[in-house]
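Visitor: Here's the letter readout for the chains.
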Amino acid sequence: MAQPTTVKIVGPAGTGIKSIGRLLSRILAKHRFFLHDYSEYPSLVRGGHNTYQVSFSPQENFAVFRTVDFLFSLQPGHWQEHQKEISPQGLIFSEETPPAGKLKKNFLFFPLSELARDLPPVVANTVSLGAIGFLLNLKKEICQNTLATTFPQAKKENLRAFQKGWEFAQQHWSEKRLPPFSQGKGEKEIVDGNEAFGWGFLKGKGDFYAAYPMTPSTGTLHFLAEKQKEAKIIVRHPEDEIAVANMAAGAAFAGARAAVGTSGGGLALMNETISFCGIAEIGVVFYLVQRVGPATGMPTWTAQGDLLFAVFSGHGEFPKVVIAPGDQKESFQFSWQALNLAAELQTPIIVVSDKFLAESSANFSLEKQQKEVKIKKGKIVINPREDFRRYSWQNKDGCSPRTLPGTKNGEFLANSYEHDQSGFSTENAFVAAKMAQKRMKKLKKALQITPKPQLFGRPKNLIVSWGSTKGSILAAIKNSSKWGFLQIKTLWPLHPEIGKILSQAQKIVLVENNQLGQLETLLKTHFSFSVKKRLLKFTGRPFFPEEIKNELEKI
Amino acid sequence: MNWKKFDTGKTPTWCPGCPNYLLWLALKQSLAELKLKREKIVIAYDIGCAGNMADFIKTYGVHTLHGRAIPVAMGVKYFRPELTVIVVGGDGGIYGEGLNHLVTAARANIDITVLVANNHLYSLTTGQASPTTPKGAASKSTPQGTDLNPLPAVAMVKKVNPQVLAETISPQQHLKEKIKKAIKFPGFALLDIDQTCVTFGKLLRK
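Heads up: the sequence lines are chains A and B, in that order. Count along the first sequence from 1, then add 9; that gives the number in this note's numbering. Count along the second sequence from 1, then add 297; that gives the number in this note's numbering.
Just chain B, with the same shape it has in the complex:
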């Protein structure tokens, strides 16, 4: 099956070299290889650079409020369990603003797949510390270095519910296979995709 049928004809607005291009391609290829029909998929997008993928994938989609992609996805899945439901968001929305929802989705072990483009930074808002920014790292909102411990999201989710699938992966390694596996997983799946922001990532380098 041709993954290009998931294109909307819109050109992505990410910076050249952004790891979101890899995620975008791998997601479309996964959907095609799993032979999923466009109309049977609902993707809930968070706000942020990754969430902007909303305009670039042709399925049913909801570009939600910041932090709220998971409850929207859960509402879809509860009412229409036959649909494939995916969440695309970043570390700010999924691990920060909407953390309570991530925990609940894991507790529910609801059959949705959450893809987190985790670049340890708020990038769309030009580079502030996120919940996964390393302690001590300086950013625009924490010029003296953040004094918060980074959130171990994957370990936390697994602790909340050992039955779920949760792992940290690199965008360069078998991304497509990992996404396919997560979508096929009959329960809650979290893929924490470890990225570096090509534009603001240098802020984090000490």
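With the rest of the complex left out, here is chain A:
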């Protein structure tokens, strides 16, 4: 089966690469291609070097690929740092004299500024979209309709720009045009991971979302803030991450299904509150979108360096759940499921994503996905008796029924101090131990209701990973009879099935976007196994399928 086609657009920040890229992804989805996109940008508003790339195919496609078939440089020179990504027949489009040497045959002169001369500068990038549309043999009408609905304000100018690019390509490059594609079965809409999480929050009946802007989690804040009126939810941008977490805890105490969004630095500030939610048994969802650390690190680049930090976040010992979606659909699913887990387990739930997943788009059907949503509210008492004890330790699963403010006879104290069954502070040795045990029982229940590990293919030769590496791994082992893949979806508590699967494997390869192999460290706290090879990448860039495939071939 042929590798998907990959288009890449590069240029300085401020040239609209992201918006034109997103539009191209939308157009490809409307054609029902299976697509995955990815964009890179520095932490600045103007200048620098931005990229967008998309890989699409009428056949099922799991990932964005590194090898580029069509590279568009919106300004001269920007293609240069991507020379090694060009496929042998790949084409480079730029407004400059072709370079001498090997790449000369791949190079096509694209007079972008000439074509855009009588157009408003904001639509200049649409000229390249027109050329791309022609070269990929896309349906012109779908392109035009999507363009018009995406930019209703500058519809006319955009359509004119698109036409210019299309015509130029038609006149000069018709022998380069791809043959028509067969019809695919991909979903017609796209979401990125952050939007998917936002949709999951809305469909999961989330009530309260708070976040302090922090790349790469901010997409969800923007998405929900824009929808708050229509969806009748509360979205707040408080003064700092500490306020974010405590506000969410207050709202959750008052009955809200509450979530917060942040990245590693923000979660560091929220740590004390995670611990507070643990002891006071307040269910809050913490959406952690990782970027490269430590400290400010590389804010707009991807990493999986906060796994152990998330699992061991918060001082003291208390139960928590850490789950990690592997793709956009799981970002949706784990969002509403996390709200359910918070309500049922009354403890912090951390959903770990990363820049690569959160800001990359793929096919998505909200209609299809929302059919799976189930709302679980946990144990809530409406008519408590006068001797109601909020933190009763009678329940086998450690989850004692709660009351919400407004409920008569249900008054109780949610306490950051150790407390008795009514919530009053205590330093009694017996009560303290009993309460700690009561809370920890929730981990057992969590094993029953959190996402199970998923095995793809056979476990004899096994890739083990978590989170956003899923797509590239699946693409790398597509049609392989040799390799299977174990996706760990719940990172805490660890499901015993993981141990069983690992024990059947002869060769284990670990794939992680971090330096230390944190998943291996974590798994070894519970299971004994040995790793044949570790593929660790900590450059701020995600894994591409080609890299994984090459490494597997060496084993």
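Take these hints with a grain of salt, some might be off.
Okay, derived cross-link-like pairs now, DSSO-like style, lysine-lysine, Cα gap no bigger than 27 Å in a straight line [as the list claims (entries may be wrong)]:
#1 A:Lys386 / A:Lys454
#2 A:Lys417 / B:Lys455
#3 B:Lys481 / A:Lys417
For the record, the hints were derived by calculation from the structure and aren't laboratory data.
Chain A is fixed; fit chain B onto it per the hints.
Guide: This is chain B only, laid out in the frame that chain A set:
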């Protein structure tokens, strides 16, 4: 209405003669006189001597982390605006650790009432300088005298947002009436209750 229905049956753990007893009584009486139902009140308590009132008042309550009573209260109020939401804390938590939250609550003019038992000292931790300790005053953490200017919390809050209610009061004078007025105030209210710690307050005397 009987204010005793706000008792939890727990005996306060404050030192004999602590001004927090006055605050405790006045708050319960205020709630009773305003005819508020126990279940319709949420009190967020900070950490410190005043915050320990959490065990002694029967309403819905959250004994929060140090400095974080205000954002917890704001979260409750945003989600359940029909509830009466009160914060009880000291100068350490509200003016020190959580000062950013005080400023934000005033900017928001959110309808919560913040009662600060301001004894110019960290007392639960046995007497260190607080944000309102007078400059030059010696304490256990500043034996040579604190070199920081005291925080003019009320003036600052009023400057941030002139629409809010903010005043410094003495625990002996009309405390109950002031609390009732603050709770009824349709916006953010800060009562800065000027106290002297009966145990460690002598540290501040020069």
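Visitor: Would you mind marking each hint as holding or not holding in the structure?
Guide: Hints, one by one, checked against the model:
1. Of the supplied pair hints, the one linking Lys386 of chain A and Lys454 of chain A holds, its CA atoms being roughly 15 Å apart against a limit of 27 Å.
2. Restraint check for Lys417 of chain A and Lys455 of chain B: the C-alpha separation of about 37 Å exceeds 27 Å, so the hint is violated.
3. Taking the CA atoms of Lys481 of chain B and Lys417 of chain A, the gap is near 22 Å; set against the 27 Å cutoff, the hint holds.
The structure fails to meet hint 2 from the earlier list, while all remaining hints are met.
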